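A.B. asks: Residue numbers (this note's numbering), protein chains in the order written: chain A, 1 to 290; chain B, 1 to 339; chain C, 1 to 237.
Keep in mind the hints are simulated off the structure, nothing from the lab. There could be a bad hint or two in this list.
As a list, the in silico BS3-like pairs of lysine-lysine whose alpha-carbon atoms are at most 30 Å apart [said to hold, decoys possible]:
(1) A:LYS277 - A:LYS262
(2) C:LYS78 - C:LYS109
(3) B:LYS148 - A:LYS262
(4) B:LYS146 - A:LYS262
(5) B:LYS331 - A:LYS118
(6) B:LYS146 - B:LYS164
(7) B:LYS299 - A:LYS118
(8) B:LYS25 - B:LYS331
(9) C:LYS107 - C:LYS78
(10) A:LYS118 - A:LYS262
(11) C:LYS8 - C:LYS109
(12) B:LYS148 - B:LYS164
Have a look at the derived ranges for each label pair, beta carbon to beta carbon [what the hints assert, rightly or not]:
(13) C:THR136 - B:ILE214: 51 to 59 Å
(14) B:ILE144 - A:THR116: 12 to 20 Å
(15) B:ILE214 - C:ALA28: 44 to 52 Å
(16) B:MET327 - A:THR119: 46 to 54 Å
(17) A:THR161 - C:SER16: 35 to 43 Å
(18) B:GLU217 - C:GLY135: 26 to 34 Å
Since the model is a prediction, treat every value here as computed from it, not as a measurement. From the three backbone atoms N, C-alpha and C, an ideal C-beta is built for every residue, glycine too.
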Amino acid sequence: MEAFLHQVLSGLATGGIYASLALALVMIYQSTNHINFAQGEMAMFSTYLAWDMINHGMPYWWAFVCAVAISFVAGIVIERVIIRPVENAPVLSVVVVFIALLVIFNSVAGWIYTYTIKTFPSPFPQQPLFGNRFISSHELGAIGVTLAVLVVLYMFFRFTTLGLAMRAAAQNQVSSRLVGIRVGWMLALGWGLAASVGAIAGMLVAPIIYLEPNMMSGVLLYAFAAALVGGIDNPFGAVLGGFAVGVLENLVGAYVIGTELKLTVALVLIIGVLLVKPTGLFGKVFVTRV
Amino acid sequence: MNDAAKTAPVISIPRYAGLSMRAWKAIGIVALAAGAVTLPFLISNYRVFQFNMVLVYTIVLLGLNMLTGYNGQISLGHGAFYAIGAYAAAILMDRFGWPYWATLPVAGVVCFVSGFLFGLPALRLRGHYLALATFALTVAMPQILKYKHIEHWTGGVQGIVIIKPDPPFGLKITPDQWLYLFTLAILAVMLLAAWNLLRGRVGRAMVAIRDHPIAAEAMGVNSALIKTLTFGVSALYTGVAGALGAIVVQFVAPDSFTAVLSINFLVGIVIGGIASISGALYGALFIQFIPNFADQISKAAPWAIYGVFLLTFVYLMPTGVAGFIRMLVGKLVRRRVPA
Amino acid sequence: MAALLEVKELSAGYGSSLVLHGVGLQVAERGITTVLGANGAGKTTLLRALCGMIRSSGEVRLRGELISGRATEDIVRKGVAHVPDGRGTFVDLTTEENLRLGAYTRKDKHRVNEDFDRVFGYFPRLRERRHQQAGTLSGGEQQMLALARALMLRPGLLLLDEPSFGLAPLVVQGIFQIMRRINQEEGVSMLLVEQNATLALELADHVYLLETGRVVVSGPSSVIRNDEAVRRSYLGY
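Required output: the full structure, derived from the provided sequences and hints.
C.D. replies: Now the structure itself:
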């Protein structure tokens, strides 16, 4: 029972990270109809930047904020410079552009920082809260930060004019132009936000899975699966999906089949869900008009 | 009345330097075939091996293009079918002593069946959802291949080593040259079969399903059947290529068939040209040689260079190399219709 | 009165095919001009070209200033509001959010709330549906919402693309009455594109008839209304 609770709670912690990354994917998907397959590698690179700054003596939270800010700007630049030229290219060509970004970030990170595994510090204390045996302080902190980020994003999109404009631009580009919204910049902003969220996710997960250039590939896959299970056009679904997948991964790994095949089994289960509900649990059922 | 007949417009075929477009195309194909056949005798053994892999990848990309390019079903999982074909060949040759050429039909059939079976649930999925499902296949494959309980067959993590076959009939050529010609022959047959299929009713049905699934169904196309059959045929091609690849490389191991392979295949058809037969060749050349080339440019971050190549190709040729060439030919050619 | 909008030699189309061929028209300050024509005449293309949604050649001047070739977002900031065909409402956003977006480019944020009242004054039904998702509104209500959103800009020029389309006759009459009020009370000039000739002729003071992308007839609506030949050949009645 204890072990079960521990698995569930730490599953929620990693699930929160999947949820953040899934949200980043959904944000870009809603505005551009593309999945940013490079989101994980961008997050990994941001985490390396933070590591670099901390190694040079910067206090943790300063490095955290700087990494998030740099990622924000980088996301905007990437959208304007690399994605914009292929806006109207065939879908699969855009997929290859994302693959290219993925490969470039991964390779450059490996080149600059080498492939040796590094430790990334956690800002949370070593001792578990109240000495409990179920969840570490970092895991608890990760859940807290994830929820905080999600709440801030929700309030931004729901209550600010800019958030409203971004939602409008994501739904209907033509009408947005007709009310004067500069759609191109809204897309760039979306990318900037997604990159920031990714950076936060990366810095939260690095203490758990250790910092190395390939650390985010599994995370991205889970986040992608979570976004699909929740319904690719539904941010709440993506978040719920993220938490669910995190718990599922842990339970499958602990109770069904060891850690080597747990990825496969988890994916199979997720695909099973998709077969029953092909547009995800909370996704819109599309009525195709002929 | 005779005047009317005399002044009726004559439709004549435009000619370029005396020959029609079709004649030029035929000449081009014959020249290419001649070049392909003589190539192994002009280059080093290592290069023969490399070009042999180009031929193998061309078969893969033919198969993948059928599914993704012509039929619109995205697959990030063809590395898995490649692996199945490769292991089928390796197990038959190493554990059962089968001759290398007999493994190809088996690989083809096994993969056709697995592709068809995978295509059934895939009917319910589209776009990114299908991409995830096929990607799961490719992620699962190395893990399954390493699975302890079937190590006896698969050789576990170490894999299986295969002996290179000798040229038959005592021909005075190296084994590499023989394998190359063998692969070339298989490619020619499969190319012809694909060309025939895509030109005909089935091919048109495939494209109709891709472009407007509802209209296709309304016109009587059995969408489910065509889609699962396409999956099967596509997997068949990839499986046969996998078997050939295993024989050429002389080695199969779980880590040769990771997600990177599947992603490379997708990159291949996009760079080569979606929904194009010649695109398979261009794509195969790209995925075989550009990584090596990138490695020569920068030993420190070769994949970053590869990524830059990808971006360059996509920006300059968004419809792939095949589309680019088509556009160039269109521009260079001026239609001269007699007055 | 000086022309608010002046269009000269406007040609536009999609891809390589031209739909409009050298169209010229004017909208007077505080005036209502209507462009009539059958399906495919190029009416929607005309409005899209004016807003910079598609590429065009020729000259479009707003209060003397050249706006042709500029981006839609910039033209909007000059006080041009376009109510597109199909309404163009943000169906997943609420009525209020739609209206708020109409005022997106305005600098005088504090007066925007006043404008909510003003707009609800014209369309009381929208006040009832304030927090409802726009996609759940009826066709007539969505047309009102589209018009209301345009008004939130406090535009100098309103471009309307077939506001009567798909709506019941009584609803259409109501909308046209409100349009007349807006023009009279606030001096908003309008360029109205319509298939429903009768109502348009009643509302407008100037008429252009568009046929396969060219202006074939133009004149004051009082004249056109009474010209039997024109009515028979071009308006079908």
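A.B. asks: Does each hint hold? Answer for all of them.
C.D. replies: Okay, the hints, checked on the actual structure:
For the proposed pair LYS277 (chain A) and LYS262 (chain A), the alpha carbon gap of about 22 Å is at most 30 Å, so the pair holds. Annotation: proposed proximity of LYS78 (chain C) to LYS109 (chain C) holds, straight-line Cα distance about 17 Å (limit 30 Å). This hinted pair checks out: LYS148 (chain B) and LYS262 (chain A) have alpha carbons roughly 15 Å apart, not beyond 30 Å. Restraint check: the Cα-Cα separation between LYS146 (chain B) and LYS262 (chain A) comes to about 14 Å, which is no more than 30 Å; the hinted pair holds.
A distance of roughly 55 Å separates the Cα atoms of LYS331 (chain B) and LYS118 (chain A); the hinted pair therefore is violated under the 30 Å criterion. This hinted pair checks out: LYS146 (chain B) and LYS164 (chain B) have alpha carbons roughly 24 Å apart, not beyond 30 Å. In summary, the hint linking LYS299 (chain B) to LYS118 (chain A) is supported, as the alpha carbons are separated by about 23 Å, within the 30 Å threshold. Distance hint between LYS25 (chain B) and LYS331 (chain B) is fulfilled; the C-alpha atoms sit about 16 Å from each other, no more than 30 Å.
Among the hinted pairs, LYS107 (chain C) with LYS78 (chain C) is consistent with the structure: their alpha-carbon atoms are about 12 Å apart, no more than 30 Å. Distance restraint check for LYS118 (chain A) and LYS262 (chain A): the Cα-Cα separation of roughly 25 Å lies within the 30 Å cut-off, and the hinted pair is therefore satisfied. About 36 Å separates the Cα atoms of LYS8 (chain C) and LYS109 (chain C), which puts this hinted pair outside 30 Å; it is violated. A distance of roughly 28 Å separates the Cα atoms of LYS148 (chain B) and LYS164 (chain B); the hinted pair therefore holds under the 30 Å criterion.
Our hint of 51 to 59 Å for THR136 (chain C) and ILE214 (chain B) is violated, since their Cβ atoms are close to 26 Å apart. Separated by about 30 Å at the C-beta atoms, ILE144 (chain B) and THR116 (chain A) break the suggested range of 12 to 20 Å. Our hint of 44 to 52 Å for ILE214 (chain B) and ALA28 (chain C) holds, since their Cβ atoms are close to 49 Å apart. Separated by about 53 Å at the C-beta atoms, MET327 (chain B) and THR119 (chain A) satisfy the suggested range of 46 to 54 Å.
Between THR161 (chain A) and SER16 (chain C) the beta carbons are some 40 Å apart, a value that agrees with the proposed interval 35 to 43 Å. Checking the proposed 26 to 34 Å range against GLU217 (chain B) and GLY135 (chain C) shows it holds: the Cβ atoms sit about 28 Å from each other.
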